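Engineer: Residue-level listing of the chains:
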Amino acid sequence: MIWIVMILTGLANFAVRFSMFSGLRASTLPDWAERYLRYVPTAVLSAIIAAALFLDEAGDIQMWNTTVLAGLLAAIIAILTRSVIFTIITGLGVLWIIG
Amino acid sequence: MTSDNMREFLRGIGDQLPLQLGVVPFGLVFGVLGIASGLSPLQTILMSSIVFGGASQVVFAQLWATGTSPLIVGSSVAVINLRHMLYSAAVAKYLRPLSLRWRIILGYLLTDEAFAISIKRFETTDRPELAHYHLLGSGLTLWVCWQIATVVGVLAGATIPDELNLGFAIPLTFMALVLPNLHRLSDIAAATSAALVALFGQALPWNAWIVAAAVVGITVGGILSHWEDRA
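If you read the sequences in order, they're chains A and B. For the first sequence, the numbering used here gives the first residue as 1, with consecutive numbering after it. For the second sequence, the numbering used here gives the first residue as 1001, with consecutive numbering after it.
Pulled out of the complex, with its shape left as it was, chain A reads as follows (with noise of 0.2 Å):
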């Protein structure tokens, strides 16, 4: 099940790849399709961040632990150097010292 389940997501990936050079359609996106993709990054990623800082073990929600101390750091690091290594290092070396 697994197999066919993970090659038809792949399918899909590629194929929105490849949409816009197919040769099948027209090669552009209207305006208001272009407009709502932008989002699309923000908005899953801001949903995965938020629920690894802020959902224990059981899937309840916790406002202040380790994790979310550990969170906070990075973030502030990502937000001044943009660099994925260091807010990688300031992120896990918090939650190493004090977890």
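Please keep in mind that the hints were generated in silico from the structure rather than gathered at the bench. There may be inaccurate statements among the hints.
[Stated by the list, open to error] Among chain A residues calculated to face chain B with C-beta under 7 Å, some are:
#, residue
1, Val16
2, Leu29
3, Ala43
4, Ile48
5, Phe54
6, Ala74
[As the list claims (entries may be wrong)] Okay, the calculated bits of chain A under chain B, using three or more residues with CB under 8 Å as the criterion:
#, segment
7, 6-13
8, 60-70
9, 93-99
[As the list claims (entries may be wrong)] Ranges of calculated distance between the beta carbons of each label pair, as one might list FRET restraints:
#, chain 1, residue 1, chain 2, residue 2, range
10, A, Trp64, B, Glu1163, 15 to 25 Å
11, A, Asp60, B, Asn1181, 28 to 38 Å
12, A, Leu72, B, Phe1200, 19 to 29 Å
13, A, Val68, B, Met1006, 29 to 39 Å
14, A, Ile76, B, Met1006, 18 to 28 Å
15, B, His1226, A, Gln62, 31 to 41 Å
16, B, Asp1004, A, Asp60, 54 to 64 Å
17, B, Thr1124, A, Leu72, 17 to 27 Å
18, A, Trp64, B, Leu1021, 28 to 38 Å
19, B, Ala1203, A, Arg25, 35 to 45 Å
20, B, Arg1127, A, Trp64, 48 to 58 Å
21, B, Glu1163, A, Ala58, 11 to 21 Å
22, A, Ile7, B, Ile1223, 29 to 39 Å
Keep in mind that this is a model prediction, so the values were computed, not measured. Glycine included, each C-beta is placed from N, C-alpha and C at the ideal position.
Model the placement of chain B on the given structure of chain A, informed by the hints.
Structural biologist: Frame of chain A; chain B shown alone:
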């Protein structure tokens, strides 16, 4: 390959290499996480070439591990990957003259990083008719690094203790990608609304929270941007 094409190809590789500093750790963590989620080593490793997308693979593995229905796994990954349609549209005018074989290969290799690096080349080179070799070089570089990192992650996974919380590196990576780019009110509103739906939507059936959060965040951001552009 003529020498001009070769030079363009090598340039694509060179331009893409610095980005691997962020890609390789992510691939390693995905390898570790895939095994921790209960996927077999073969499933984890092949997912990196079949699905071939960082956030997609992580979400796929984690949702699958919690017994989410295939339909929700598929639609969660699909919504995550919708952004690639923007990239596809942006490179379309350069790729349309190419043969079908070229377009299929470049479509498969069109990831965030490959696009980010090669679109600059397409737009600034004085010979855009060669720049698909640049995209091939940068796309292949990312692909190879991603596969190797996944395999190493899978092999190392067994020896890495859970207490290290390596999986936390994934939301941290996303933070570095998202937070510095929240400039406009619409960006902040999209991020905040999606985050709130993710937290309070945990009670939604079938693990539909990712899809729900994405739809809400995209809608809020899009609507507000209309209003911003008019102001």
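Engineer: Regarding A/Trp64 and B/Glu1163, is the given constraint of 15 to 25 Å on their beta-carbon distance met?
Structural biologist: Hint holds: Cβ distance 21 Å, inside 15 to 25 Å.
Engineer: Per the CB criterion, is A/Leu29 less than 7 Å away from chain B?
Structural biologist: Holds - the Cβ of A/Leu29 comes within 7 Å of chain B, reaching about 5 Å at its closest.
Engineer: Mind checking the hinted window 35 to 45 Å against the Cβ distance between B/Ala1203 and A/Arg25?
Structural biologist: holds, 39 Å
Engineer: Given A/Val16 as an interface hint, is its Cβ closer than 7 Å to any Cβ of chain B?
Structural biologist: holds, 5 Å
Engineer: Per the hint of 31 to 41 Å, is the separation of the Cβ atoms of B/His1226 and A/Gln62 within bounds?
Structural biologist: Taking Cβ atoms as reference, B/His1226 and A/Gln62 lie about 36 Å apart, which means the hint holds.
Engineer: Given the hint of 54 to 64 Å, is the C-beta distance from B/Asp1004 to A/Asp60 inside that range or not?
Structural biologist: holds, 60 Å
Engineer: Tell me whether the statement that chain B covers the segment 6-13 of chain A is true, taking a Cβ distance below 8 Å and needing three residues at minimum.
Structural biologist: With 7 residues in contact (Cβ-Cβ under 8 Å with chain B), the coverage given for the segment 6-13 of chain A holds.
Engineer: Is the gap between the beta carbons of B/Arg1127 and A/Trp64 within 48 to 58 Å?
Structural biologist: Roughly 56 Å apart at Cβ, these two residues keep to the hinted range, so it holds.
Engineer: CB of A/Trp64 to CB of B/Leu1021, is that within 28 to 38 Å?
Structural biologist: holds, 32 Å
Engineer: 18 to 28 Å was suggested as the range; check whether the CB atoms of A/Ile76 and B/Met1006 agree with it.
Structural biologist: violated, 44 Å
Engineer: Holds or violated: the hint that A/Ala74 contacts chain B, with Cβ atoms closer than 7 Å.
Structural biologist: holds, 5 Å
Engineer: Just to make sure I understand the rule, a stretch counts as covered if three or more of its residues have a C-beta closer than 8 Å to a C-beta of the chain. Does the segment 93-99 of chain A meet that for chain B?
Structural biologist: Coverage by chain B holds here, the residue count being 3 at a Cβ distance below 8 Å.
Hints 13, 14, 17 from the list above are not met by this structure, while the remaining hints are.
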